[in-house]
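With the hints as constraints, model all of the structure from the sequences given.
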Amino acid sequence: MTRPASLMWLQLPLLATLIVIAACAEKPKDDIISVQTDWFASTDHAALYAAELHGYFDVRNLHVEIRQGGPGIRAPNDVATGRATFGLALPENIILAAAEDVELLSVFASYQESPIGLMVHESSGVLNIEDIANLTVQIFPGQVFWEVLKYETGIAPAEIAFDGSMTAWAENSDWAVQGFATTNPFDARKVGAEPRMLTATQLGFRAYAGVIFTSQSYAQENQETIQAFVAALQQGYADFLANPQPVIEYINSEVNNDFLVEVGEAAAVIMQDLAVSQETESLGLGAMNAEVWNDVATRMFEAGIVRNEVGASTLWTNEYLTSRDEQDVQ
Amino acid sequence: MTANQAAHTVDIFIYESNVGHAIEKVVVTDSDIRSDRIRVAIRDLEKRFSKDVVALRGINLDVQEGEFVSLVGPSGCGKSTLLKLVAELDYPTSGNVARPGIADLPGSIGFVFQDAHLLPWRTVHRNVELLLEIQNLSVNERHRRAKEALAHVGLEGFEDAYPRQLSGGMKMRVSLARTLVLNPQLFLLDEPFGALDEITREKLNDDLVELTRSSGLTTLFVTHSVSEAVYLSNRVVVISDRPGTIVDEISVPFNERHRSLRNTQEFVNTCAVVTEMLYRGMEK
Amino acid sequence: MRRIFELIGPPLLVLVIILGLWSLAVRLLGIPAFVLPSPEQVFETAIIESDRLMSGFRNTLVASTVGLLAATVVGVLGAIILSTSRVLERALYPWAVVLQTVPVVALAPLFVLWVGPGFVSVVLVAFIIALFPILANTLMGLVSTDPALIDLLRMQGAGRAAIFRKIRLPNSLPYFFTGMRISAGLAVIGTIVGEMVVGRGGEKAGLGYYVVFSATQLKTDFVFATIIVSTGLGIAFFLAMVGLSSLVMGRWHESELRPST
Chain L
1 MTRPASLMWL QLPLLATLIV IAACAEKPKD DIISVQTDWF ASTDHAALYA AELHGYFDVR
61 NLHVEIRQGG PGIRAPNDVA TGRATFGLAL PENIILAAAE DVELLSVFAS YQESPIGLMV
121 HESSGVLNIE DIANLTVQIF PGQVFWEVLK YETGIAPAEI AFDGSMTAWA ENSDWAVQGF
181 ATTNPFDARK VGAEPRMLTA TQLGFRAYAG VIFTSQSYAQ ENQETIQAFV AALQQGYADF
241 LANPQPVIEY INSEVNNDFL VEVGEAAAVI MQDLAVSQET ESLGLGAMNA EVWNDVATRM
301 FEAGIVRNEV GASTLWTNEY LTSRDEQDVQ
Chain R
1001 MTANQAAHTV DIFIYESNVG HAIEKVVVTD SDIRSDRIRV AIRDLEKRFS KDVVALRGIN
1061 LDVQEGEFVS LVGPSGCGKS TLLKLVAELD YPTSGNVARP GIADLPGSIG FVFQDAHLLP
1121 WRTVHRNVEL LLEIQNLSVN ERHRRAKEAL AHVGLEGFED AYPRQLSGGM KMRVSLARTL
1181 VLNPQLFLLD EPFGALDEIT REKLNDDLVE LTRSSGLTTL FVTHSVSEAV YLSNRVVVIS
1241 DRPGTIVDEI SVPFNERHRS LRNTQEFVNT CAVVTEMLYR GMEK
Chain H
2001 MRRIFELIGP PLLVLVIILG LWSLAVRLLG IPAFVLPSPE QVFETAIIES DRLMSGFRNT
2061 LVASTVGLLA ATVVGVLGAI ILSTSRVLER ALYPWAVVLQ TVPVVALAPL FVLWVGPGFV
2121 SVVLVAFIIA LFPILANTLM GLVSTDPALI DLLRMQGAGR AAIFRKIRLP NSLPYFFTGM
2181 RISAGLAVIG TIVGEMVVGR GGEKAGLGYY VVFSATQLKT DFVFATIIVS TGLGIAFFLA
2241 MVGLSSLVMG RWHESELRPS T
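Residue numbers (my numbering), protein chains in the order written: chain L, 1 to 330; chain R, 1001 to 1284; chain H, 2001 to 2261.
Worth flagging that the hints you see were computed from the coordinates, not collected in a lab. Incorrect hints may appear among the rest.
To be verified - Once the Cα atoms are required to be at most 25 Å apart in a straight line, the calculated BS3-like pairs of lysine-lysine come out as: (1) R:K1051 x R:K1084; (2) H:K2166 x R:K1147; (3) R:K1084 x H:K2166; (4) R:K1147 x R:K1203.
Next comes the structure, spelled out in structure tokens:
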């Protein structure tokens, strides 16, 4: 399964209307913390489901309700309109939202390096962004990392809209397709292709991914809740990285039967690298830094993706994180 | 049916007559049939639409040259079907229809339907030309004849109008002109004025009398209106309820046709006789 | 001139009222721009993005036109073939109906596989979506002729060809144009949907591509601008068909006087 793609735009005009109506009607109940993810449940949301499975929300007296995403679901919109307390999305979306005057605050990054990128055929010998200039790229229109890289390198390969299916890509050895390093190479092998995954970082655009955020207004009034919530995420995520199997099986059996255990197992291996960095070593899982955020924001502005330069400093914080040392003390 | 097949029908018919084929309720004698004056000869005609639905049975009828014959009967009695059989638009289940002395070439029969059936995308003039186009006439000849026919039905000046701009009566005149332009030898009309208002209908009746009498056109006219039939015809043939058989017929004794005729006692009496025949046909 | 005003005046007034209410609602209710941008903002964005909107308009126009032309040719020929034989009509027409009910969007990935990405696939989506109304309506026009007229021509010795030329074909014209009016709009919709799913990016991107592009980047005002340009294209296609039908049919047909879908 690929994300955050497919058919969400089909409903967009309708959605806009509905949001107006629903925004007034459907507010989360005060004591329930709702979390809107970006796609159907998978290991990309492992921190959330691990905390749920192991009862880390419960021990902190947090009533958390995780809502799966899917086509047409757009977590930043839901959080901005108050229909969800927290959301999970790419940091690019937080910057895009800021450019539209929607102020969100990221408090936890599931991935230190985004697993999103392009998948090519091993046989194509493609290794870097310059090689991709000669391919046909099947990608979801408007994908930020790709628009930035194209702008910066000046490459203009043939492009077609990604329809969510790997079939066409599998048939064409000179195609590249958008994908997630965690799950899509596994899918590709299943249809008989020999894929090579080039993540956005490898192609020259490093960003976080699986960023969990809330609205600035909620953050101002619920510091303690966020503190507890993030602590539960960290604890759950650490458990998952140490022993992924129970969480994978939990997602598969209790949350989303379509998410296969074997896919989860393959993803968990890759996540060991993508989830951690120097920052997370010192500041704890989920940590971020100004350099990466500012870089992404600046490059998006320079590439013309956002019309106004967005100051990234207010869009994220590490203040709710607990470092491993602190955890040990507790 | 092609011209060859039609000719074949005539042959068979004459052959059968010659060997003295038994014909009941003969209206005319065999010698009459061979006479030059018979233009339509119907013998022992039966038409079934299915095993149980018999539209016409045992029809024997002759029409003389220049004669105006009306077929009157209740709705659904098969009088329209009879007209179609004469025009070879349909084929009898048994029996024969012959048209001795009438060419089997296309254009020898003029047929006018219940409604005007004009082409909405053509002007009045081009509508009248429609059937001539099939005959490979020169453009000039077509044009001349159409103009003439339109003048004949009193529609000069409406050549370039479109059907939707015309009244029901005018449309019917165009329909008449479209057929008259062919100079047909046999004129078949299937309740042409049924949908028109009374005054228009009477006006068209007078026109039709004028058109047919002046050219000596042999005419078969289907209607359910007794007074219309009596007014127009030399002879009125009454057809019974389904299965349609000929109940009786009456020769109309008038020479002149004029509006005032409708008010004469004789006209009223003739109508009464025809009406009586109609009742007989419905009670059978 | 006065007639034109009477024709477009009332809908124009409704448009102005809707835009006014829209603008007012956005201001008074404080609806955030990413949920519902004001019309002014949409207009402003349309100016800023005019290059992309123009090239998108051009690309979508070309693909829609090609798709509609292909659907017209195949639809009319198909209708003529089906009209010549009851057996053929009864054997093939149900499949034409089935074709109409196939979710074309779901076929798009297959088109990519079979005919390659981009233009051809997009045109194929437009073609398939636009085919049925033309086929069905033209067929109806060809077969729903006045039987009395056919009898009349047959009595004069007219063959099938003459009857076809003089009766069936002209009789089918208003039906054909009814089909064209429906299909013209559908061709644009099909193209845009095709572009969304399998459309080319970059210079060859159509409006459908930009709908997804702008939605991905949370630029709701750009989405609106794209939708408005797309709608404009659909209206242009519809009006082109109305114009064409009155050009061809002139004053003949009553149906021509009241354009309807």
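To see whether the hints hold, each was checked on the structure:
no.: 1; hint: R:K1051 x R:K1084; result: holds (20 Å)
no.: 2; hint: H:K2166 x R:K1147; result: holds (20 Å)
no.: 3; hint: R:K1084 x H:K2166; result: holds (22 Å)
no.: 4; hint: R:K1147 x R:K1203; result: holds (21 Å)
The structure meets every hint from the earlier list without exception.
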